[in-house]
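Q: Listed below are the residues making up each chain.
There are 2 protein chains.
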Amino acid sequence: MRWAVVLAGGVGSRFWPLSTAQLPKQLLPLAGAKPLLVEAVERVLPLVPAERILVVTSAALAAPIRVALPMLRPDLVLAEPFAASTAPALAWATALAAARDADATILSLHADWTVADAGKFRAAAGSALDLAERDDVVVTVGARPTRPEIGYGYIVPGQALAGAARHIARFVEKPTAEQAAALIRDGALWNTGLFAWTARRFREEIRAHTPELAAGLAALDRGDAAAMYDAVKPVSIDVGLFERTARGAVLEGDFGWDDVGSWAALRRVRPTDAAGNIVVGDAHVVDATDCVVWSEDGTTVVSGLAGVVVVRARGITLVTTAERAPELKQLLARLPAAVAEARGA
Amino acid sequence: MRWAVVLAGGVGSRFWPLSTAQLPKQLLPLAGAKPLLVEAVERVLPLVPAERILVVTSAALAAPIRVALPMLRPDLVLAEPFAASTAPALAWATALAAARDADATILSLHADWTVADAGKFRAAAGSALDLAERDDVVVTVGARPTRPEIGYGYIVPGQALAGAARHIARFVEKPTAEQAAALIRDGALWNTGLFAWTARRFREEIRAHTPELAAGLAALDRGDAAAMYDAVKPVSIDVGLFERTARGAVLEGDFGWDDVGSWAALRRVRPTDAAGNIVVGDAHVVDATDCVVWSEDGTTVVSGLAGVVVVRARGITLVTTAERAPELKQLLARLPAAVAEARGA
Chain P
1 MRWAVVLAGG
11 VGSRFWPLST
21 AQLPKQLLPL
31 AGAKPLLVEA
41 VERVLPLVPA
51 ERILVVTSAA
61 LAAPIRVALP
71 MLRPDLVLAE
81 PFAASTAPAL
91 AWATALAAAR
101 DADATILSLH
111 ADWTVADAGK
121 FRAAAGSALD
131 LAERDDVVVT
141 VGARPTRPEI
151 GYGYIVPGQA
161 LAGAARHIAR
171 FVEKPTAEQA
181 AALIRDGALW
191 NTGLFAWTAR
201 RFREEIRAHT
211 PELAAGLAAL
221 DRGDAAAMYD
231 AVKPVSIDVG
241 LFERTARGAV
251 LEGDFGWDDV
261 GSWAALRRVR
271 PTDAAGNIVV
281 GDAHVVDATD
291 CVVWSEDGTT
301 VVSGLAGVVV
311 VRARGITLVT
321 TAERAPELKQ
331 LLARLPAAVA
341 EARGA
Chain Y
1 MRWAVVLAGG
11 VGSRFWPLST
21 AQLPKQLLPL
31 AGAKPLLVEA
41 VERVLPLVPA
51 ERILVVTSAA
61 LAAPIRVALP
71 MLRPDLVLAE
81 PFAASTAPAL
91 AWATALAAAR
101 DADATILSLH
111 ADWTVADAGK
121 FRAAAGSALD
131 LAERDDVVVT
141 VGARPTRPEI
151 GYGYIVPGQA
161 LAGAARHIAR
171 FVEKPTAEQA
181 AALIRDGALW
191 NTGLFAWTAR
201 RFREEIRAHT
211 PELAAGLAAL
221 DRGDAAAMYD
231 AVKPVSIDVG
241 LFERTARGAV
251 LEGDFGWDDV
261 GSWAALRRVR
271 PTDAAGNIVV
281 GDAHVVDATD
291 CVVWSEDGTT
301 VVSGLAGVVV
311 VRARGITLVT
321 TAERAPELKQ
331 LLARLPAAVA
341 EARGA
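Residue numbers (the numbering used here), protein chains in the order written: chain P, 1 to 345; chain Y, 1 to 345.
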């Protein structure tokens, strides 16, 4: 049967001062009325029933996530003892599905994306699951780039595999703008983090290619996730598996994927007003263009500015530019600890 | 003897959201640690003793002003029944001084200026009082313009009168930038509102030239200020007296006068950091230049911006530009009433 694993462990500081360690990006309603995580689960529900959806998160977030997603089985909301990148989390969740369903196929996705077209997302996810089952490969779904984004990873597709599927030639993580433009010209895709595999194939590939998890797999076989985490070396599934396996495949998916990496990114994922502004909460914008204004704990008035980001939340007002919004972590490092303290664990 | 009248009735909205009808500009510590009004009174104290300093303000502000200025006689903090521009206020205060001191000479000033050099201010004020007494004229002190400011009134000096004093050729209120540049080339001065006259000469001149006050003067002679206000037509002393009298004189005063007309003006009257920023309160500025950041009821962080004004006060954050800061009244008119409501009576 088909299962979904939603990775929801992020503690990101990129939505400071709104986001906190207790309320990180995936629990914020950044793209619409509901938290990104809730949207992610609801998006996948027509494809995978609630009782086969796993969420992997931190110990601190497991309880609020169980509350936010009452349709899920509480025991399938998994709390990692510590964050160890994506490979251990996916190994755990895949093993847990396999223990219940030896023929499990896994769809893996992230809780903090946005997707413009849920129907096309499910079509792409379904094709990835089909491919994983039919051709016994581990599948990554790439998105056609719409700009030379330097914050993303890129997948360079290789030889044709079957239908629209291609082998993976290589991955390029966070290129320069020039490199990104060249990658796009050469047909590279954004590495979205939407994956599919059968539990059997995944286990074989991890065993063959991911020594970082080797010491933990026996513990996992015993159902002892805590012991696995004690034994693993943190590694991402991209590095720990996809860059190493010969059984990787890439499918292109065109569903309006966005990782919403900063306050400025909200202009891509929420409807703007006629002047290109995003205005959320008790905020008033006069003669302003291309601004993001989010006001939670009071009133914010913005006048006569272009391309600024203004966020009022939790007693703090942040005023910066769209260009600087992705560098919020660097800004926080330059502020007094008492101001920046809510930036996460 | 010499008396001082401090006009402190303003309800200005130019420092919204910090300023309110109950706490207008002159009661805010905009230029230093003390409210502008307190600084104005302390500045004049070496010249005129506290018991001969009058303050004219609104009924709403009289009580807090008496608290803020405990050195003044409470009965000399005059509460106007309504704002009627400057001529009625000055007629009232001058008559009140004359009733106590037939030989009174009046120095009139505003509560909401800033002065860079208090010693030079007192020297100029002393010269104006000397001139008023010696030559029996009504004196205005003009400041040498430092920029083609369009928000000010200009005085064009005329023929020489005595010493450095000149007759007044004409007044020009709020010229265009081009007109202002031409006025400056021609030697015009800024109309600061620092005036001097003897009570006797003032009364003669008002009687002769200010029909707007004619019906009120008899009431004033009876000591009935309320009846005077009922009878007067609001008019400024510039229009109602200086533009009409032949006994006007202008003296140049070089004491770093500024009317602090907007948030952006704080950069002229407070010390800036090395990057030209004014940072007051719980505010943090990173890679910003020429900004004004005032944070009262929470934390404000500004990064990567130039020439912006950010004010956080009373549950509201205002973000605008230095260029737009003088147009705050127009901005408030475009906001919902509930947001702008604290803009004053």
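Everything labelled a hint here was simulated from the structure, so no lab data went into it.
Keep in mind that a hint or two might mislead.
Identical copies carry no separate label here, and so any pair may be met within one copy or between two of them.
Below, a list of computed lysine to aspartate or glutamate pairs in the DMTMM-like style, where the Cα atoms sit at most 25 angstroms apart [as the list claims (entries may be wrong)]:
(1) Lys34 <-> Asp287
(2) Lys329 <-> Asp290
(3) Lys34 <-> Glu243
(4) Lys329 <-> Asp287
(5) Lys34 <-> Asp103
(6) Lys174 <-> Asp130
(7) Lys34 <-> Glu133
(8) Lys174 <-> Asp135
(9) Lys174 <-> Glu42
(10) Lys34 <-> Glu51
The model shown is predicted, which means the values in this text are computed figures rather than measured ones.
Q: Is it within, between, both or neither when you check Lys329 against Asp290 at 25 angstroms Cα-Cα?
A: Answer is both; intra-copy 22 angstroms and inter-copy 24 angstroms each pass.
Q: At most 25 angstroms between CA atoms: does that hold for Lys174 and Asp130 within a copy, between copies, both, or neither?
A: Classified as neither: same-chain Cα gap 30 angstroms, cross-chain 75 angstroms, threshold 25 angstroms.
Q: At most 25 angstroms between C-alpha atoms: does Lys174 with Glu42 qualify within a copy, between copies, both, or neither?
A: neither (30 angstroms within a copy, 61 angstroms between copies)
Q: State whether the alpha carbon distance between Lys34 and Asp287 is at most 25 angstroms within one copy, between copies, both, or neither.
A: For Lys34 and Asp287, the Cα distance exceeds 25 angstroms both inside one copy (29 angstroms) and across copies (35 angstroms).
Q: Can you tell me if Lys329 and Asp287 fall within 25 angstroms by alpha carbon in one copy, between copies, both or neither?
A: Between copies, since 14 angstroms is at most 25 angstroms while 30 angstroms is not.
Q: Measure nothing new, just compare the shortest in-copy and cross-copy C-alpha distances for Lys34 and Asp103 to 25 angstroms and report within, between, both or neither.
A: neither (33 angstroms within a copy, 76 angstroms between copies)
Q: My question is about Lys34 and Glu243: at a cut-off of 25 angstroms on alpha-carbon distance, are they close within one copy, between copies, both, or neither?
A: Neither. Shortest intra-copy (35 angstroms) and inter-copy (65 angstroms) distances fail the 25 angstroms Cα cut-off.
Q: For Lys34 and Glu133, with the copy left unspecified, which applies at a CA distance of at most 25 angstroms: within, between, both, or neither?
A: Classified as neither; 33 angstroms inside a copy, 76 angstroms across copies.
Q: Pop the pair Lys34 and Glu51 into one bin, within, between, both or neither, using alpha-carbon distances up to 25 angstroms.
A: So Lys34 and Glu51 pass the 25 angstroms test inside one copy only (21 angstroms; across, 66 angstroms).
Q: At most 25 angstroms between CA atoms: does that hold for Lys174 and Asp135 within a copy, between copies, both, or neither?
A: neither (30 angstroms within a copy, 80 angstroms between copies)
Checked against the numbered hints above, the structure breaks hints 1, 3, 5, 6, 7, 8, 9 and satisfies the rest.
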